[in-house]
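Number of protein chains: 2
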Amino acid sequence: MTVNALPLPLGFRTAGLHCGVKKDPQLFDLSLFVSDKPATAAGVFTTNLVHGAPVKVSRRRVPRGTARGVVINSGNSNACTGDQGIADAEWMTAEVATKLGCAADDVLVCSTGVIGRFLPKDKLAAGIPKVVDALAASDGAFLDAARGIMTTDTFPKQATRVGSLGGKPVRISGVCKGAAMIAPNMATMLSVILTDVALTPAEADACLRHAVDRSFNCISVEGHMSTSDTVILLASGASGARLESANDRETFQGWLDGVAADLAQLIIRDAEGADHEIEIDVRGLRTRADAYRIAKAVADSPLVKTAITGADPNWGRIVSAVGYAGVPLAESDITLRLNGLLLYQSGTPTPFNAAEVSAGIRNNRRVHIDLEFPLGSESVRFWTCDLTAEYVRLNADYTT
Amino acid sequence: MTVNALPLPLGFRTAGLHCGVKKDPQLFDLSLFVSDKPATAAGVFTTNLVHGAPVKVSRRRVPRGTARGVVINSGNSNACTGDQGIADAEWMTAEVATKLGCAADDVLVCSTGVIGRFLPKDKLAAGIPKVVDALAASDGAFLDAARGIMTTDTFPKQATRVGSLGGKPVRISGVCKGAAMIAPNMATMLSVILTDVALTPAEADACLRHAVDRSFNCISVEGHMSTSDTVILLASGASGARLESANDRETFQGWLDGVAADLAQLIIRDAEGADHEIEIDVRGLRTRADAYRIAKAVADSPLVKTAITGADPNWGRIVSAVGYAGVPLAESDITLRLNGLLLYQSGTPTPFNAAEVSAGIRNNRRVHIDLEFPLGSESVRFWTCDLTAEYVRLNADYTT
Numbered sequence: 001m002t003v004n005a006l007p008l009p010l011g012f013r014t015a016g017l018h019c020g021v022k023k024d025p026q027l028f029d030l031s032l033f034v035s036d037k038p039a040t041a042a043g044v045f046t047t048n049l050v051h052g053a054p055v056k057v058s059r060r061r062v063p064r065g066t067a068r069g070v071v072i073n074s075g076n077s078n079a080c081t082g083d084q085g086i087a088d089a090e091w092m093t094a095e096v097a098t099k100l101g102c103a104a105d106d107v108l109v110c111s112t113g114v115i116g117r118f119l120p121k122d123k124l125a126a127g128i129p130k131v132v133d134a135l136a137a138s139d140g141a142f143l144d145a146a147r148g149i150m151t152t153d154t155f156p157k158q159a160t161r162v163g164s165l166g167g168k169p170v171r172i173s174g175v176c177k178g179a180a181m182i183a184p185n186m187a188t189m190l191s192v193i194l195t196d197v198a199l200t201p202a203e204a205d206a207c208l209r210h211a212v213d214r215s216f217n218c219i220s221v222e223g224h225m226s227t228s229d230t231v232i233l234l235a236s237g238a239s240g241a242r243l244e245s246a247n248d249r250e251t252f253q254g255w256l257d258g259v260a261a262d263l264a265q266l267i268i269r270d271a272e273g274a275d276h277e278i279e280i281d282v283r284g285l286r287t288r289a290d291a292y293r294i295a296k297a298v299a300d301s302p303l304v305k306t307a308i309t310g311a312d313p314n315w316g317r318i319v320s321a322v323g324y325a326g327v328p329l330a331e332s333d334i335t336l337r338l339n340g341l342l343l344y345q346s347g348t349p350t351p352f353n354a355a356e357v358s359a360g361i362r363n364n365r366r367v368h369i370d371l372e373f374p375l376g377s378e379s380v381r382f383w384t385c386d387l388t389a390e391y392v393r394l395n396a397d398y399t400t
Numbered sequence: 001m002t003v004n005a006l007p008l009p010l011g012f013r014t015a016g017l018h019c020g021v022k023k024d025p026q027l028f029d030l031s032l033f034v035s036d037k038p039a040t041a042a043g044v045f046t047t048n049l050v051h052g053a054p055v056k057v058s059r060r061r062v063p064r065g066t067a068r069g070v071v072i073n074s075g076n077s078n079a080c081t082g083d084q085g086i087a088d089a090e091w092m093t094a095e096v097a098t099k100l101g102c103a104a105d106d107v108l109v110c111s112t113g114v115i116g117r118f119l120p121k122d123k124l125a126a127g128i129p130k131v132v133d134a135l136a137a138s139d140g141a142f143l144d145a146a147r148g149i150m151t152t153d154t155f156p157k158q159a160t161r162v163g164s165l166g167g168k169p170v171r172i173s174g175v176c177k178g179a180a181m182i183a184p185n186m187a188t189m190l191s192v193i194l195t196d197v198a199l200t201p202a203e204a205d206a207c208l209r210h211a212v213d214r215s216f217n218c219i220s221v222e223g224h225m226s227t228s229d230t231v232i233l234l235a236s237g238a239s240g241a242r243l244e245s246a247n248d249r250e251t252f253q254g255w256l257d258g259v260a261a262d263l264a265q266l267i268i269r270d271a272e273g274a275d276h277e278i279e280i281d282v283r284g285l286r287t288r289a290d291a292y293r294i295a296k297a298v299a300d301s302p303l304v305k306t307a308i309t310g311a312d313p314n315w316g317r318i319v320s321a322v323g324y325a326g327v328p329l330a331e332s333d334i335t336l337r338l339n340g341l342l343l344y345q346s347g348t349p350t351p352f353n354a355a356e357v358s359a360g361i362r363n364n365r366r367v368h369i370d371l372e373f374p375l376g377s378e379s380v381r382f383w384t385c386d387l388t389a390e391y392v393r394l395n396a397d398y399t400t
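These protein sequence lines map, in sequence, to chains A and B. Residue 323 in my numbering sits at position 323 of the first sequence, with consecutive numbering throughout. Residue 102 in my numbering sits at position 102 of the second sequence, with consecutive numbering throughout.
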């Protein structure tokens with residue numbers, strides 16, 4: 001996959017390099033995202049009660065509303081490492097802060113990789129000064145930073161929206177790394193999104209939560225929640241643009257939602273071991289939460305996933321997953337289309353050409369499941385992937 | 001696997017044969033369990049809102065408190081078949097009732113197999129008189145009935161307890177068929193348990209629910225809930241024994257729990273594609289529901305399952321599944337042992353010999369996960385299996 005560097009928003013410098021957390025010297029394992037001046041900061045974190053030390057540290061600092069930057073290492077998640085892990089995460093931020101000339105509290109931190117091992121502090125102590133020295137306000141440096149957060153990802157993930165607000169050009173660009181998927185040690189989803197629009201802390205928090213609810217919270221690989229999932233938004237304000245009107249807010253939200261959804265879909269696209277990307281639309285429910293529960297029940301069912309792997313138009317697996325999603329409904333409320341073809345209408349199977357549907361699944365990497373209900377007007381779009389023997393091989397053959 | 005016929009309780013006759021629902025004439029596809037006189041009946045059914053017509057029919061009849069028998073076909077689940085399916089299920093019971101000389105309401109019905117196809121009534125119309133004629137009060141006929149409910153099972157499943165109550169010999173014997181596992185069309189768990197102890201309908205209902213909560217509700221293959229799961233208890237009273245005292249009740253409950261737990265574990269043992277049976281003990285919680293949620297989160301995690309497949313002592317996957325189970329707790333509340341070896345103690349990893357733990361998993365079909373908490377005195381024992389490439393192959397390669 002050819003990767004083009006995407007635009008780095010104004011007011012930021014970034015860097016990524018290899019410092020030795022990973023053994024292979026070709027692989028980057030340390031990234032830094034820095035705002036020239038204190039940026040408005042927001043963050044959304046895993047809700048797993050078992051979570052990494054960096055999550056504890058960053059979650060405590062985000063409510064301050066501003067930050068100078070985010071330091072991220074890959075190759076070691078610093079999770080399940082007790083008090084020592086927290087001290088190590090705080091130490092990472094202090095090392096960065098000393099070089100930047102700010103307080104440690106101004107630096108956020110993420111780590112991703114193997115669980116339950118202490119950080120190799122000697123490698124990081126040598127690497128942090130180098131990554132600070134490498135900081136640059138260039139698209140190439142932004143791509144380097146996208147590389148430094150990768151674990152089992154096969155390509156760096158970036159997405160962007162460029163537009164104008166009040167006549168001023170603005171940029172929103174994000175990077176992320178892949179999710180649980182194949183992850184031999186339960187890889188984490190991490191994302192850093194940068195914008196040069198000026199936001200208040202309240203605006204940043206509200207906009208980020210809206211975007212995450214419609215992107216990273218709408219993807220699922222195998223339903224196992226990571227200990228380290230983190231999405232951070234930094235707004236430098238360097239474009240000079242701010243959200244002056246309801247129209248500006250709506251425009252900006254649309255761009256941010258788009259960046260987050262693009263990044264989330266890149267994670268699904270890079271699901272190692274997966275043969276198909278599955279998009280699930282659930283429409284016509286009383287509440288968005290109901291639609292979400294149904295989408296997630298279908299997405300997380302190994303029987304649905306393996307049906308897609310086998311190009312099997314086995315609608316019974318999909319309809320029965322709807323039935324145990326915990327949403328009050330009757331069978332006659334369910335209408336199912338697969339790749340646009342009606343298979344089940346208001347609780348009754350419809351005749352269809354199984355060979356044709358099967359060929360449609362087999363010959364396309366993308367599969368669309370559409371579930372329609374007559375219960376209300378709320379909907380959700382959700383993305384997942386199929387479950388292949390290769391997934392099992394990748395996850396089973398790794399030995400700690 | 002050699003199968004010995006187990007004792008049929010007194011007062012019952014059973015049969016199983018091939019009538020043509022399945023193509024292969026070697027495979028039985030129709031079973032009948034009949035009590036000579038009206039038996040006390042209890043039933044527990046799937047909670048999936050999408051469920052088969054036989055579930056609707058039997059669930060409506062069980063509250064009457066008595067039944068003459070249960071007719072079961074395999075090869076077609078009569079699920080997602082609308083009003084025609086309900087009429088067909090009622091027709092099956094009427095055909096049996098005519099031959100037995102009772103009311104259709106006295107007959108319960110189950111079906112298991114492919115979803116969304118109408119029953120082949122011509123085959124069943126010819127088969128039902130034959131299966132009634134074949135009824136016999138013999139252990140061999142009981143094994144035949146166990147064979148007639150099989151779908152993807154590789155061996156018939158029976159379990160028994162024989163004892164005495166008030167000086168009278170009594171028997172509790174059950175049959176079941178396997179769960180979702182590999183089931184190309186989402187196989188169902190069905191079980192019929194017969195006893196010659198006399199029970200009131202209230203006793204039968206309470207005892208069956210207690211047993212099911214500690215057996216069939218404590219197994220999981222891939223977390224996909226079937227449309228047809230059914231467990232039925234029939235008590236003929238033909239032993240002349242009844243539950244005269246609290247001690248009798250406790251003794252009987254212990255036997256019934258044992259039969260149900262044996263049957264549930266046979267389902268896990270017959271998980272095609274599985275290399276390991278996993279027993280999960282969760283101890284020291286505030287409520288049994290909390291312990292259950294944790295056990296199920298661990299059991300249903302594909303990352304935990306594939307770790308066992310790969311003989312990987314990857315405790316991070318287990319501990320992180322605990323964290324998202326929805327039970328309020330801290331990391332420091334978690335202590336984990338794998339096959340008796342301490343891996344994680346009160347939130348801190350403990351040093352262990354990874355090669356030794358890995359060999360212990362690789363060289364034994366059974367794996368024991370023990371999770372201990374300091375939060376209370378409630379516990380749950382749960383059974384599941386690992387997730388192999390063979391599971392995926394079996395579930396993906398089937399085409400409707």
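Think of the hints as simulated: they come from the structure by calculation, not from any bench. Please note that a few of the clues may not be correct.
[Unchecked claim] Facing chain A, a subset of chain B residues (Cβ under 10 Å, in silico):
id: 1; residue: R117
id: 2; residue: P120
id: 3; residue: G323
id: 4; residue: A325
id: 5; residue: V327
id: 6; residue: I334
id: 7; residue: G347
id: 8; residue: R393
[Said to hold, decoys possible] Derived coverage of chain B by chain A (criterion: at least 3 residues anywhere in the stretch with Cβ under 8 Å from a Cβ of chain A; other residues may be distant):
id: 9; region: 48 to 60
id: 10; region: 72 to 82
id: 11; region: 305 to 311
id: 12; region: 378 to 389
Just so you know, these numbers come straight off a predicted model, no measurement behind them. Note that beta-carbon positions come from the ideal geometry of N, C-alpha and C, so glycine has one too.
Structure-based check of each hint:
1. Evaluation of the B/R117 hint against chain A yields a held restraint, the C-beta minimum of about 8 Å falling below 10 Å.
2. Violation of the interface hint for B/P120 is found here, the shortest Cβ-Cβ separation to chain A being roughly 16 Å, above the 10 Å cut-off.
3. With a cut of 10 Å, the hint placing B/G323 at the interface with chain A holds, because the nearest CB-to-CB distance is about 3 Å.
4. Restraint check, B/A325 versus chain A: the minimum CB separation of about 9 Å is within 10 Å; hint holds.
5. Given the 10 Å rule on beta carbons, the hint for B/V327 holds: about 8 Å separates it from the nearest Cβ of chain A.
6. Given hint, B/I334 at the interface with chain A, holds; its Cβ is 7 Å from that chain's nearest Cβ, closer than 10 Å.
7. Using the Cβ-Cβ criterion of 10 Å, the hint placing B/G347 at the interface with chain A is satisfied: the shortest such distance is roughly 6 Å.
8. Residue-level restraint check for B/R393 holds (minimum Cβ-Cβ distance to chain A is 6 Å; threshold 10 Å).
9. Coverage of the region 48 to 60 of chain B by chain A holds. Counting CB-CB distances below 8 Å, 4 residues qualify, and the rule asks for three or more.
10. Residue count for the region 72 to 82 of chain B with a Cβ under 8 Å from a Cβ of chain A: 4. That meets the three needed, and the coverage hint holds.
11. Using a Cβ-Cβ cut-off of 8 Å, 5 residues of the region 305 to 311 of chain B lie near chain A, which meets the minimum of three, so the contact claim holds.
12. A count of 3 residues in the region 378 to 389 of chain B with a Cβ less than 8 Å from any Cβ of chain A is obtained; the coverage claim is therefore met, three being the minimum.
Hint 2 alone, counting from the list given before, is not met by this structure.
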